[in-house]
Every structure is written in C-alpha cells, then in structure tokens.
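*Asks:* The lines below spell out each chain.
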Amino acid sequence: VSEIPIRSDMRDTDVAPEQLARELTKIWSTPPGLWGALTTVDHKIIGRRYIVTAFVFLVLGGILALAMRAQLAGPEGRWIGADRYNQVFTMHGSNMMFLFAVPVMEAMAVYLVPLMVGTRNIAFPRLNAFSYWIYLGGGLLLWGAFALDMGPDVGWFAYVPLSGPQYGSGKRADIWAQMITFTEVSALAVAVEIIVTVFKQRAPGMTLARIPLFVWSMLVMAFLVVLAMPAIMVASTTLILDRLVGTHFYNPAEGGDVLLYQHLFWFFGHPEVYIIFLPAVGMVSAIVPTFARREIFGYLPIVLALIATGILSFGLWVHHMFVTGLPRLGEAFFTASSMAIAIPAGLQIFCWLATLWDGRPVLKVPLLFVAGFIFTFVIGGLTGVMVASVPFDTQVHDTYFVVAHFHYVLIGGAVFPLIGAVYFWYPKITGRMMSERLGQVAFWLIFVGFNLTFFPMHILGFQGMPRRIYTYQPEMPWGGLNLVVSLSALVLALGFLMFLVDALRSLRGGAVAPDNPWNAATLEWATTSPPPVYNFPRIPVVTSASPLWDSPDTLPVAAGLRIDRREALITSLREADPQARESMPQNSIWPFLAAIATSIMLVWSIFSPWAVVWGSIPVAVTLIGWFWPKGIPEDEA
Amino acid sequence: MRARLHRLAPFTLALTCTACSGSQSALDPAGLPALTLLHLMLGIMLTCAIVWAGVVAVLARALSRRRAPRPHSVSRERRMTIVISAALVATVAILSAFTAASFIATRALDGADTDALLIRVRGFQWWWEVNYFDPKTGETFATANEIHVPVGRAVRLQLAAADVIHSFWVPSLAGKQDLIPGRDNELTFVAQRAGVYRGQCAEFCGLQHARMALAVVALPAEAFAQWLETQRADAVAPSSEELRRGHDVFVAKACGACHTIRGTQAAGMTGPDLTHVGGRRTIAAGVFETTRGSLAAWIADPQTIKPGNNMPMVPLEPDELRAVSAYMASLK
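Going down the list, the sequences are from chains D and S. The opening position of the first sequence corresponds to residue 1 in the numbering used here, with each subsequent residue numbered one higher. The opening position of the second sequence corresponds to residue 638 in the numbering used here, with each subsequent residue numbered one higher.
Bear in mind the hints are in silico, worked out from the structure with no lab data behind them. What you are looking at is a predicted structure, and each value in this text was computed from that prediction instead of being measured.
Computed Cβ-Cβ distance ranges for the label pairs, DEER-style: (1) D/ARG505 / S/LEU725: 43 to 51 Å; (2) S/MET906 / D/ARG84: 29 to 37 Å; (3) S/THR928 / D/VAL56: 48 to 56 Å; (4) S/LYS773 / D/ILE343: 51 to 59 Å; (5) D/LEU260 / S/ALA894: 31 to 39 Å; (6) S/PRO949 / D/LEU260: 29 to 37 Å.
In the SDA-like style, the derived pairs of lysine to any residue whose C-alpha atoms are separated by at most 20 Å in a straight line are: (7) D/LYS364 / S/ALA697; (8) D/LYS364 / S/LEU700; (9) D/LYS364 / S/SER701; (10) D/LYS364 / S/ARG703; (11) D/LYS364 / S/LEU696; (12) D/LYS364 / S/ALA705; (13) D/LYS171 / S/GLY945; (14) D/LYS171 / S/LEU844; (15) D/LYS364 / S/ARG698.
Each residue gets a CB set at the ideal place from its N, CA and C atoms; glycine is no exception.
Only chain S is shown next, with the shape it has when bound in the complex (with noise of 0.2 Å):
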C-alpha cells in the first residue's frame, strides 16, 4: 500500500509535513476508510478534470474560429441537437457512476467491528474529553485532547457535545463527523501504521475554534497496552518537596473545583483530567508542547494565550507557580 501511495504521491501534489505535531491531511492517509476515500476522491478528481478541460477546448475553439456568416441551416441544427443530446447523455452517465461510487464507499463507512475499542469522546468550548471504557472491566478512566489506539484495531467513537457542535476531524485517518448536542454520532477507524495524527474542530464553535487541536497516537498493540495500564492507574506521588507544594497549591487554591486528578483530593468535573496531564504531548488543545515552562505560562495567564476559555487566572505567588507547574509536569 506505500507504494502504492507514493506513485500517487506527485499526482495529490503533496505537500504534508509529518513533522512534530503529526500529519493533518487528507491527501496522506495512515488507515481506513481514509484512504479508502483518497481513491474515490482521486478518481472521481481526475474524471472531473477531463470533462473540464473538454468544455474549455471546445470554449476555445468556438471564440477562435473566424469565418463569413452562413444561412441558417436545419441540418447544421440537428447535428448540433445530435451532439449537446450525446453530451447530455455522457453527463447522466458520468453523474450516475458518481453515485454510485460513492455509496459503495459510504458503506464502506459504516464498519461494524464488534472487537471494536470504544472510546468516547465529547466536545467542549475548546478541548476534547476523551473517555476510554472496558466493557469487561467496566473500568473507565478520563484524559484529553489526545487519543491513543493500537494500530490495526478498529475504534469506535462516541461522539457527543458538552455545549455547541463541533466536528471530530483527523482527516488521516477518517472523514469528519459532527459532534451534536442532544444527539450521538458514531465513527469507525482503523490506524493502519503507527504515528501522531492531528485533527482539529471542523464546526465553527465560538471564539477560540482555531484553537482546538486533537492528536491521535496510534502505537503498536504492547505499546498501547502499556500505556493503558499507566493511564489506568491514579497520578504518581509528588516526589520531592518541591512537587508535593504543587500538589497542595493544586488542592488548596481553585485548580481543583474544575480538575480531576485521580488519587487526590481534586475531583472537579468542567475542565479536563490532568492525572497523566505530564504525559501529554500539548496542553490547552494544542496550542503548546507540554513543557514545565508551557505549564507554568498557561497556568499564569490563560486568557492571554487562548483569550474566551473557561479557565480563570487564578492569583499564584512565584514559587506557587513554580510548584503548581513542576508538579503537572511531573504527572506522567
């Protein structure tokens, strides 16, 4: 299949950049259905390109053409009724192989894996919750913005909507799906190679839309296990004197009535749970690397970075700050 997708590589006109924060398009597909869909689109594109580029010959050639008035004539009428009724007809059946096609791929869509991993996601004004859910267990745990699947297996999304609509969209890996309150929406995908996939809110959701990234990590089936189980278990310890000030700041001061973190007295439920928040590779959906530094800045002043969201500054002395932002850090 890479081969394949590097011959089509120069057609597409790629220009994606798998760097840092991971792929985000739909021209660079890493699983199913969307690179089921780059086919469709492919070939329904290049379809598309010959019917234009005959309408703009012909265009061409009629300005172009010089010569003296004719009488009208009743055979000239009817070869050209002959041939707009033949156009006619190559339209219908090009229009109906489209249709086709593309119920064909929308079937394609809708796969129903019963070994799918569930997860469920819900959309907020600017993050995404992402619950993981054991149907053996029934254990469930929380994180966010960020969702890691194994590769090969297929996933099933729960999509759902905390306050306006927003749109899941990792467009590597699967076409958009809107996220809709009162309503719950379903989408199936498969990874089929490891990496870091990067999606972003795709329905125009208030002031900070442009500013509600998502990566999905899909890892090989132990790697995935693995970190299953770290995310399962409740927040490491504070291990030094420093990082257990930042765990009684956390609990102390307003973090906590919004935060969860697992273990500890914070059990707030509006913002995300940060019990592994250290783990993540950004914070505040993407907008930075998660660093001790990110951390602290965020926490210092959230309103300037992504004006509009629902975290207050909340007053820290200096070295509260440094404790609040080394104890985050450090939950892995």
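Looking at chain D on its own, in the form it has when it is part of the complex (with noise of 0.2 Å):
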C-alpha cells in the first residue's frame, strides 16, 4: 500500500481506505494512559464511563433498599435506628434518580445517538466531559456525606419546613440541595449536547421521518430535562439562600409559602419521571421491530406520541400535591390531564403488540425483557392512572401503594428496558456477546422477583401502611406481606447479580461479536463491534428509516471531510441535507480543571456564602483556559 504524505486541506476522498483509516485513528484516537483518560472527549468513552458508574450508584441504592427491607422485614427492627433509615430512605431515593436513572439514560445517549444518527463525535465534546466529571463530583459529595453520617434526612424531595433552617439541622439538607445542583449541571449540559447533535449532526438523507425512535425519545427527554431542571434548581437554590442566608421564600412567618416548594419541585418533579421513561420507551422502540422482524408498526404515531408524552408531563405536577388542600376545580383539572397522558402511553403499547404481532418475534434476552417490561408497566401505568383520581388518591397518597406503583413506573417501566438494551448494545460496545442462558436465568429472577417485592406493597397500601415510616408496631397488620416483600427483594437482588455477573464475565470470556449480530436496521449496526475512534471511517448517506434492512450490503457514504483534522459533517434540521465542515474540539484537560474547580465552589457553599466569589475565581481561570481561541478557522461551508 502506497502511503501518500498529508498536506492540509487533504480529503478522505484523496487517499485508498486502509490510510484513511490510519489517519482518521491518529486524528480521534486518545493518548493512552492517566493523561488520556482525563483529557478524552470521545463520547464513546465518555458514555461508556457514564454508564459503568450509573451502574455503580445503581448497586449502591439497591444494598440502600436491602438495608430498608431487613429494617422493615417485622415490627419493630432494630437493624437500623430512627436517623439511619431516615438517611437510608432519602439516600436511596436521590441516588437512584439524580444518580442512576437520569444519568444511566443520558449516558446511553451520549454513547448511541452519535452512532445511530452517524456522526463522529457528539456535539461540544468537551461540555460533555466536564458534564461526567460534574456527575461524578455530585455522586462522591451525597455519598461522601453519608459515609461521614452527614447524608440528607428530609426525604428526596426536602419539603420545607422540615429542610428549611428550622428543622433541618446540620449540613444535611444542604449537602441533598447542592448534590441536586451538581447532577443538574450535568443533566443540562448533556441535555445540550443531544438536541444539537439531533438537530444539525444527522447523517446526509437522516430527514426528520428517518430519525429513529430511540434518537426521537432521547430528543424529547433532552427537550424535558432543559425545560424542567431549571425548577428544580430554583427550589434547591431558594431553599439553600433560606437556609445560608436568611431568605424568608418558605418561611410563612415572613410572607413566604411551604407550598410555593412543592409547585417549584413537582413541576420538575414529574417532568423527570418521563425523563427516566421516555429514553425507556426508544429501547423499547429499537427492540421490537429488530427482534420482530419487521418495521415497527406506527413510526409517526410513535413519534406524536412521545412529543405529546412530552408536552403532557408539563400539566400534571399538581396530582402529586391533592390532599394539600387546593381548590377542588383546579384538582380536577389535573385528574383530567393525568388521566389523559395514558393515551399517548396506551397508543405506543398498541403500536409495538402491532410490531410483534404482525412480525415472527424471537424470544431472546432484550425481547425478553421487553415482554417484561409490557406486563410490569402497564400495571404501573395503570395505578398511575388510579391515583390520578382525586378521592382514590386521598386514600393511597403517602402510603405504601404508591410506593409500589412507581417502582413499577421505574423499574418495569424503565429498568427493564434499560437490562434489555445493555443486552442488545452491549456487543456494540464491548466486542462482545452477552450469555444467552445467564440472561434468561437473570430475566426470570428479575421478572419474579420484582412482582413479588412490590405488588404485596399495594396491599399494604391500602391497610394503611404509610411510607417513609422506619418501623411498625406488632399489632398492625403488616407482618406477613413486609416479611414476604423482603425475601422476594433477596430473589430481586440475586437477579440483578446475575445481570451484572454476566455483565463483567462477557467483557473477556463473552463471544466474539460480528459488526451486526442481531441484524439490526439502524446505523450504529453499520460500523464495526466496538465502533472505531472515528465511528464511521465514510459518513454513511441515509435513504430509508431502516437503513440496514433496505441497503443490506452497501450504503451510500458521502465523502470530502477533511483528514488532518477532526471534523464532523453539519447538516440541515429537516431534510439533513449537508451545509458545512464543522472543526471538532481537540481532546483537554480543561474541562476536567473546570469541573474541579466548579465543585470546589460547590461544596463550600454550604459552608459559606463567600465560597461564590472567592470560589468563582478558579471557574473563570479554567473557563478561559478551555475557551482560549486556537486560531482555526471554524466552518466551512
């Protein structure tokens, strides 16, 4: 093979593909070692990043919930005191939302939408670096705390008065206040990240009827997270100046209102539940049709449906505030439009019993989990439709029967998806297969599992069981059904164990993956297992929804990207037609200077006020320095 020496402004059109492949590697690759590590910008490395430590908070909030079952396994337990479980239960619940779920479907984002809509790398690397580092700050600062015995008590949503200055005594409020700050930095920025890399990064031919519907689900979440981060972190903010500074936002004794929180967390609040779902709802959308066989049924409902879902889950924070005594109009309003986002839900179910009926599904680990899925949450989405209802809702509101109705939203709803799709991606992004027989054994002690620990909660529910309660007395009637909850959740745990055991045991001993073995019709399938540092050594040119399936052997590439330097391909919002060579940052360590430098701000503004100024110092110096002009041109068009 003839080597041609590189001048600027060469093309990948101008050399044979064995050289374009070599410089493209020289060009995206990431220096090995330490160095590399923390200076990388591949979004590939950064998501694969992202998700091994959602995984890891995932672990930590489940021996959380062992804790809490053998402490709720009979009246009266005595594993854990009053103040432990306290921080036990808020702990489990922040970390499993603002450190798993959110993070963990972001993070699948961050490492597949590049590939399926067929770019090089996601949009503002580097924001996406700093936004893991940012993660990572927010994770070590809850759990550091807890570790010291300084974890938040006040539940995962910190209702004032009991957070505020009056109650809530110590640093532990504040440290759950500025954990929330940290993970919604990252979220936001992520959140970024995606609508542009959808919007102007697709490949030439993506239009927007071509997207697929797991790149559509991650748009609308990233859509939601922009939209509804920003209330949170005005609750967590006023809530931190009442207790820092002496603001007086919650306090009714000088003018403010407790309840003003709960509209401000709530209307995040809900808002997140179809963060964590929708993602969910486009593995579920990326399995079907692959494991059916045949397209999916209903790409444009599917699509309305999501974007519908969406702009819904805007409309009903108020159902999670009905016995705090609003006027009863306004309530059944919010019956109404609760009610109402079960169409959007019911239409995407339809649709995928469509898929398979009308497809010749094969029965293997990601479909399994997607049957799963289907049987556990539409009984979560049907609870979800019985607290909708005002007077039913008086009734279960608190109590144990929600307890078990949003974990079959979450774990039936989200989880199950989330296990199917690392089943289905993971020899995408290791190389390697997964163990069919350790997944079925995995699927069955998670499905059994999971039903037996939380449909007795519904039960108990409804006898009165509240939630959040450390203990019980002997003579309420609870006995039986929590002993029974608490051994179903060992049989839950032992599942997840297999899942993870196979996880770690298929990195190395899995088999070799081909570049497509599940023969699947989008483009992340198109390029090798794991995907090169480049991705796709040509940007593959789009002509169908299913790419795959309609040009099985070749696709069309477009070529003429520069070689010497990193560059993606911008194209138009709707038609994806190319307008221009983007220049793609360089890998840096200033994003993760920046990222230290922020937490340190962070942090010691729970101590001090202060820490906002002086603190800002170090931000500015490192946002200057990875901000400084390299003096390249930036577009060409």
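Join the two chains, each given in its own frame, into one complex according to the hints.
*Replies:* The structure is reproduced here in structure tokens:
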C-alpha cells in the first residue's frame, strides 16, 4: 500500500481506505494512560464511563434498599435506627433518581446517539467531558456525606419547612440541595449536546421521518431536561438561600409559602419521571422491530406520542399535591390531564403489540425484557391512572401503594427496558456477546423477584401502611406481607447480581460479536463492534428509516471531510442536507479542571456564601483556558 | 351496608385487624367518605384489571405465534390501524369515565354540613393536639392524640400545623388531608358505627414520623355527651397521699412548664394537655397503652423510647417517679 504524505486540506477521497483508517485513528484517538483518561472528549469513552458509574450507583442504591427491607421485615425492627433509616431512604431515592436513572439514560444517549445519527462525535465534546466530571463530583459529595453520617434525611423531595433552617439541622439538607445543583448542571449539559447532535449532525438524508425512534425519544427527553430542570434548580437554590443567608422564600411567618416549594419541586419532579421513562420507550422501540423482524408499526404515531407525552408531562405536577388542600376545581383539571397522559402511553403499547403480532418475534433476552416491561409497566401505568383520581389518591397518597406504583413505573417501565438495552447494545459497545443462558436466568429472577417484592406493597398501602416509616407496631397487620416483600427483594437482588456477573464475565469471556449480531436496521450496526475512534470511516448517507434492511450490503457514503483535523458534517434540521464541515475540538484537560473548580465552589458554598465569590475565580480561570481561541477557522460551508 | 361489605370482603383481600389498636385500613370503611372511596376504588381497579389482562393476553399470543414470513400487505396494515384506533377510542372512553366518576366522588367529599361538630387538630412533631370548641357556649378544651366523635353526626376537622407538614389520615373514615404551616385545611367525615379507628401521620415529618399515631373513637350519642362532660371538667383532685405527692412533684419540677393540667398550677403550652391523660388509650402518640407502668417508663426516659422528641428527661427520685406516674394514671 502506497503511503501518500498528508497535506493540509487533504480530503478523505484522496487516500486509500487503509490509509484513511490510519489517518482518522491518528486524529481522533485518545492518548493512552491517565492523561488520556482525563483529557478525552470521545463520546464513546465518556458514555461508557457514565454507564458504568451509573450502574455502580444502582448497586449502592440497591444495597440501601435491602437495608430498608431488612429493617421492615418485621415489626419493631432493630437493624437501623430512626435517624439512619431516614438518611437511608433519602439516599436511596436521591441516588436512584439523580445519580442512576437520569444519568444512565443520558449516558446511553451519549454513547449511542452519535452512532445512530452517523456522526463522529457528540456536539460540544468538551462540555460532555465536563458533564461527566461534575456528575461524578455530585455523586461523591452525596455518598461521602452519607459515609460521614451527614447524609440528607429529609426525603428525596426535601419538603420545607422540614428541610428549612428551623427544622433541618446540620448540613444535611444543604448537601442534598447542592447535590441537586451538581447533577442538574451535568444533565442540562448533556441535554444540550443531544439536541444539537440530533438537529445538526445527522447523516445526510436522515430526514426527520427517518430518525430512529430511540433518537427521537432521547431528543424529547433532552427538551424535557432543558425545560424541567430549571424549576428544581430554583427550588434547591432558594432552599439553600433560606438556610444559608436567611432569605424567607418558604417561611410563612415572613410571608413565604411552603406550598410554593412543592409546586416548584413537582413542576420538575413529574417531568422527571418522563425524563427517565421516554428513553426507555426509545429502547423498546429499537428492540421490538429488531426481534419482531419487521419495521415498527406506526412510526409517526409513536413520534407524536413521544412529543405529546413530553408536553403533557408539564401539566400534571399537581397530582402530587392532591391532599394539600388546593381548590377542588383545579384538582379536577389535573385529574383530567393526568389521565390524558395514559393515551399516548397506550398508543405506543398498541403499536408495539401490533409490531410483535404482525412480525415473527424471536424471544432473545432483549425481547424478553421488553415483554417483562409490557407486563409490569401496564400495571404501573394503570395504578398511575388510579392515583390520578383525586378521591382515590386521598386514600393511597404517601402509602406503600404509591411505593408500589412508582417502582412498577420506574423499574418495570425503565429498568427492564434498560437491561434489555444493555443486552442489545453490549456487543456494539464491547465487541462481545453477553450470555443468552445467564440472561434468561437473570430475567426470570428479576421478573419474579420484582413482582413478588412490589405487588404486595399495593395491599399494604390499602391496609394503611404509610411510606417513610422506619418501623411499625406489632399490632398492625403488616408483618406477614412485609416479610414476603423482604424475602422477595433477595430474589430480585440475586437477579441483578446475575446480570452484573454476566456483564463483567462477558467482557473477556463472551463470544466475539459481529458488526450486526441481531440483524438490526439502524446505523450504529453499520460500523464495527466496538466502533473505531472515528465511528465511521466515511459518513453514511441515509435513504430510508431502516437503512441496514433496505440496503443490507453497501451503504452510500458522503465524502469530502478533511483528514488532517477533526471534522464533523453539519446538516440541515429538517432534511439533513449537508451544510458545512465543522471543526471538532481536540482532547483537553480544561473540562476536568473546570469541573474540579466548580465542585470546590459548590461544596464550599454549603459552608459559606463567600465561596460563591472566591470560588468563582478558579472557575473563571479554567473556563478561560477551556475557551482560549485556537486560531482555527471554524465552519467551512 | 354491612352485608354489602361482607360480599366485597374476599375480593378486597382484606386482612384487617380490628383488635386492640383499632382498624387502620382503607378496605375496612366505617363511615363516610371512606365507604364512597372504597366503592370508587373497587370500580376503577376492576376495570383496570380487565384492561391489563387484555394487554397481557395479546402480548402472550403475539409472542407465541409461529409462522412463516409474509410479504408486506396494505390490507393487513389497514386492519391493524383500525384495531389500534378502536383500542385508543376505548382508552379515551375509559379514562373519561374515570375522570367523571372521580369528579362526582370528589364533590361528595365536601359535605357542607352546618350541624357538623367542629374540632381543631394541630400537628406537632410528633403528636396531635385536639381542641374541642362549642360555638354556642364558647367553651373550649384540649386533649391529645385521641379524637372522640359521636356516631352518625358529621365531624368537621380544622387542620393546622405547629411546626412542619403533617398529614391526617384515618383510612377507615376518610382519605388524608395535609396539615400545612401557614394554611388551614379542613376534613369532614361521619363515623357510621361505633368503634376505634386508628390513624397515623402520612407525610414525612422528621425523625419520629413512624411514631405519630392517633385514634378516632366513635361513640353513641349519649356516651359521647358523657365523655364531653368528663373532658370539660378540671382534673380530678388527688385522693390519696401518694397522688398528692405526685401532683406536687409535677408542679414543682419542670413538668408544668410544658404541660397543662387544668385545675392545677401546671399551665405549660408546649406539650400535650394532660388534664385527663389517664383516660386516654395510649401515650406518646400511640407508643404505649396507658398504664401506670408505661407512664413511669415514659417519664423516666422519653429519649430512649422515642428518640428526638421534645420531652426532656427530668431527673426524678424513684419515689417521685412512682408518685408522678400514679398521679398521671389517676387523671381519668
């Protein structure tokens, strides 16, 4: 093979495929070792890191859940005291929502979206690196505080006045509020990256109607993040201001209002559920057609359902406040809107069922988890319809019925598809297959364990068992069911253990994966498993919604990107017509340093308001370093 | 109505216990609106169960069918569109029916009964202050953690919070309603049969949220009138040497700084009114049955029994402790 010397402004059409691969590897690669790990901006490395970290938090949160089940297995349990228990359930909720569920969904998007839209890196790659470090900082803050017996103990919702200056003692509530800041900054950053990647970096020809449903769902999720997270930032920041500098946002004695906090929290908190659920729906929409071996039925209705869910999700926050004494007519409005969100959810389920019905399903592990998802999520959705009814809700609000309901929605509705998605995309990410046999065992343990753990909680709720109690008296008729629940939780934990063992074991021991092991239709399967650092040697051109099915042997490609520097192809929003070649950032240490400076400022601000003044100086320095002009011409149209 | 409840019993998986502490279950209603709520809940749940069974049946069939690949067919796609549209219409119809039913049931929750018995309940960390108020005489008295009501008459609770948010919930009688600082909420119910109905705080309110129970005691009208009579009266005077000594210790030590015993010098407002504490079923918001022994244990070391509560440990000699607990138990 003859080697052509690389001149500047040389294009990918000027060299042979082997040399193209070498040159692209040279410009896109991450240096080995610690320096490379700290400076990388490769979405695949950061995405992997995000996914692994989120699963570590899942395991930690799961251990807390088992601790709570040990305490509640019988009346007057003596495993954990009241103070520790309140920290444990607060940690469990905060950890699962802010450190596991949202980040793991965004992490899947960080890894997969650029591959699925056929581009070489996510938009704003340095922001992406920064978002991971900030997320890690928030996680370390929360768990570090818990290890020091300073973990928050006011619930994952931190209602005032319990979390306010008068009743929330020590620094526990501040740590909760600042952990929110960390995770929201990171979530907002990723959301912006996803939106821009989907809008501007799609492969040529990937019109709006050809965007994979997984990408659509991530796009809608990203918009929900952008619109919902500011509300919780306001809530947690005003809470910290009340605590730290004596403002009175939530002090009724000084004209503040405790319900204002609840409105702000749930204006975020309800869309939050869909921020977790919509990506899971996208995973289902990727798995179902692949294993049903036919195109998804009702692509357009599903896209519209995703968008409708996103919009409606902002209109139902009040159903978390049905027993706070709001006007009845207003409550009726929120009953109607909460019921209405079941319509787009139902529509998607009908479309998946139709796809399976009309296709020829092969019941591999990913589809098994999707089937488990439909079985359990429909229960969670229907109990959601129940709590949307004001009179119904007055009996079950803040009881174990609600605990059962949202675990059916979050585990059944999001974690089942997520595990299916891990089995599905693991070969792409690692180049190895996970075990079909272990996967089946893990599925049945998780499925049976989950239902035996959470279904009895519905009954406990009807029987009057409130949430967030560290113990109950022997005369209450709850002991038997609680014991069943606690024992079943062990089965569920064993199932998760099997899954993790499979995932770890397959890293080295799994069968080597081909490029497209499941014969799926979308672009990420068009490249090698695992993908090269530059994702695609040439940018694919898309002519249908299922490119790998409609042209199975060769894909048309776009040519003309430079090979002496990192470039991405920018395309138009609607039709994805090529518009420009954008230079993409190099690896950089600055996002890591900026994250450290930001973390120091945020943690310090728990103890002194002056941290915001002095702490912002290093933040400014690192940001200047980050954005220092490189003298590279930006876009070339 | 009882017969109807019995018919429903197996369906509702009711495992309720109506022993010592009283029932605390939404499946075991003893009044309104709890009964209305149960009917609504059963109707919605039954409908949902049918919907779920249908979805799972279709899923099972779709996954178990085995057949050869077929070419794409427009007529099949159209059939599927029709089926899905029909399912969607059914979804909308069911949800609309649920919405209408819950709207109607909600209106029934606000029974504006002018004859209602008015009771003020204030939530504290972690106990309930209960104030009876007679609008005719203007007379008022306080008790704690136990609400006596007459059977068959509407009761209107005015709910307020002294510190953080609490939630009043006695599931056998009514759904819950929050007690929120800076706001006043109301809850109306009617107990339809005599009995003891347990409830507990349903909004997380801090360290001892789990130990914030209360009881509603529904009495026939005459018994209720009698109870009112007893409660209005001042505390009974100590009738023996030991009780007198207990009274003196109570007044001389820190006890009276927080607690009121009407008819004595003890007039503190921080803790529960103890004028008739010996007549209540439990102490410390449902922690113990009221006995002389449990009173002694509580007074001796409240922070071990219910850590974090506002009652300090007041150092007492053994004979003082004996006397005070005997005196407390005598305050029927």
